[in-house]
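A.B. asks: If you read the protein sequences in the order shown, they are chains A and B. Using our numbering, the first residue of the first sequence is number 2, and each one after it goes up by one. Using our numbering, the first residue of the second sequence is number 400, and each one after it goes up by one.
Calculated directly from the structure, the hints in this document are not laboratory data. Treat the hints with caution; some may be incorrect.
[As the list claims (entries may be wrong)] The calculated lysine to any residue pairs, modelled on SDA-like cross-linking and capped at a C-alpha distance of 25 Å, are:
#, chain 1, residue 1, chain 2, residue 2
1, B, K774, B, R490
2, B, K442, A, N89
3, B, K696, A, E86
4, B, K442, A, V56
5, B, K423, A, E119
6, A, K107, A, A63
7, B, K442, B, K617
8, B, K409, B, K685
9, B, K409, B, G530
10, B, K584, B, Q450
11, B, K423, A, Q27
12, B, K696, A, S64
13, B, K409, A, N126
14, B, K515, B, F577
15, A, K49, B, M752
16, A, K107, A, G31
17, B, K442, A, E86
18, B, K679, B, L698
19, B, K685, B, T747
20, B, K563, B, A533
21, B, K442, A, A62
22, B, K775, B, G624
23, A, K9, B, R754
24, B, K442, A, A95
25, B, K715, B, A757
26, A, K49, B, S756
27, B, K423, A, K107
28, B, K482, B, M506
29, B, K696, A, A62
30, A, K107, A, E53
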Amino acid sequence: MSDMRFTKDHEWIKIEGKIGTVGITQFAQGQLGDIVFVEVPAAGKQVKAGGEAAVVESVKAASEVYSPVSGTVKEGNAGLPDAPETVNSDPEGAGWFFKIELADPKELDQLMDKAAYEKFVAEQNH
Amino acid sequence: MPDTAAENLKSTPLNDLHVSLGAKMVPFAGYSMPVQYPMGVLKEHLHTRAQTGLFDVSHMGQAELTGNDVIAALETLVPGDLKSLAPGQIRYTLLLNEAGGIIDDLMVTRPAEAGKENTLYLVVNAACKDGDFAHIAGKLEGRAQLARFEDAALLALQGPMAAKVMAQFIPDAADMEFMTSRTAKFEGIPVRLFRSGYTGEDGYEISVPGKEAARVAKTLLAQPGVAPIGLGARDSLRLEAGLCLYGSDIDTTTTPSEAALNWVIGPRRRAEGGFPGAEKILNEIKNGPARKRVGIKALGRTPARGHTEIQDGNGKRIGEITSGGFGPSANGPVAMGYVESAFAKVGTPISLMVRGSALPAEVVSPTFVAHRYFKKKN
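Chain A with its partners taken away, still in its complex shape:
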């Protein structure tokens, strides 16, 4: 999955042309525990790289999901609010949060590739 990039806040983005699909990583879902509530952005919402784009809540706490890149939300995962546990079971697949049209593909250079992210997580776990 060489087209996937990762943030230090444990989001992933998968690029297909000008559109990126965004979610939280396997590591992030494990840290959060049982996810009971998800809020995804509406189509048309403008977000900045590192800006708040979605919400994920476990039994104990609410967390923000930040957009890895700037752009315009094309679609929120409409099925996710009714099945938030999908984020636990398939965080890097069916548990995606939103699709975004990238304003500046060069922002992707600031993100980690899979190898760099795995190293980053290993250091976090240390």
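Chain A is already provided as a structure; the job is to place chain B on it using the hints.
C.D. replies: Same frame as chain A, now just chain B:
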């Protein structure tokens, strides 16, 4: 992960057991405590309501208070009717300050055993215990002596199977009434049982010598249906049951009346007074407090957490949530908080300000999941 040694955290006698069970340990009230086990908060919560959970609550403060007029002496610090306690009974009550604020909530037990006629057992919150015990010992100096049980552990066995599990070791434990206490032998180990808890379920709290605590815990965990439960589920269980968390829902700035805890003040104490803040509290009972603790049900799926602002329909601030989150058994958001008394009636529509949006909600009873305490039938 926080470094236990670096933060100078204390550990309970069950620390090694928690670690061996794969618990995630977190700092809480000066102790390293299990917040969850591999089962996870959601399943631990549901398991406790469906079967039975074992909790380590050894961080709480246990002590005995002794004196010739120990009951009258302690009544000068709390509004509960302790004189009416039968031997073996437990009472939930409040340590109050002179302004009628709540210093802590606690359990007071009058032991039934011979030779303990001048003794009361106290169980107080972990974060408050040093202050509580200094306060009690100081205020009652010359009338009663306080002795802390420094090395006693406290376990809680909670859930619909708790009585059946305990009866395997202490056969007549199943007949104990809710809010009663007795001593017993558990596999030869001297324990004090309390038919009480903090989940809304039937169950026991078990005071046991620290050096024997792991043996008792392992024996209980080996029984079918018993799973270890962490502080995460303990919090969501008590929240669904509408039980107050000291430091969040009640503190020195809240009075019993505001906290909807008038029921802890019996008729004799209301007539006689003689507890800290009595004048203010009795006036509030008579005329109503300015604000009141209520249950809050969001009409959507979004959980509202502690410190969420509560508004009326016109955007005016009328209060704040003090505890809130997702209730696994309620299968939706659950919360409690304080609102101006004019908005405290069940069914009153209110708004919760979450991430800049006003979410519709209504005032409800704080008891989201019905209590299932054990009562003898005749």
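A.B. asks: Next, verify each hint and record whether it holds.
C.D. replies: Against the structure, the hints:
no., hint, verdict
1, B/K774 x B/R490, "holds, 16 Å"
2, B/K442 x A/N89, "holds, 13 Å"
3, B/K696 x A/E86, "holds, 22 Å"
4, B/K442 x A/V56, "holds, 22 Å"
5, B/K423 x A/E119, "holds, 22 Å"
6, A/K107 x A/A63, "violated, 31 Å"
7, B/K442 x B/K617, "holds, 20 Å"
8, B/K409 x B/K685, "violated, 44 Å"
9, B/K409 x B/G530, "holds, 17 Å"
10, B/K584 x B/Q450, "holds, 24 Å"
11, B/K423 x A/Q27, "holds, 18 Å"
12, B/K696 x A/S64, "holds, 21 Å"
13, B/K409 x A/N126, "holds, 23 Å"
14, B/K515 x B/F577, "holds, 21 Å"
15, A/K49 x B/M752, "holds, 24 Å"
16, A/K107 x A/G31, "violated, 30 Å"
17, B/K442 x A/E86, "holds, 13 Å"
18, B/K679 x B/L698, "violated, 36 Å"
19, B/K685 x B/T747, "holds, 23 Å"
20, B/K563 x B/A533, "violated, 39 Å"
21, B/K442 x A/A62, "holds, 16 Å"
22, B/K775 x B/G624, "holds, 24 Å"
23, A/K9 x B/R754, "holds, 23 Å"
24, B/K442 x A/A95, "holds, 22 Å"
25, B/K715 x B/A757, "holds, 11 Å"
26, A/K49 x B/S756, "holds, 21 Å"
27, B/K423 x A/K107, "violated, 40 Å"
28, B/K482 x B/M506, "holds, 15 Å"
29, B/K696 x A/A62, "holds, 18 Å"
30, A/K107 x A/E53, "holds, 20 Å"
Hints 6, 8, 16, 18, 20, 27, counting from the list given before, are not met by this structure.
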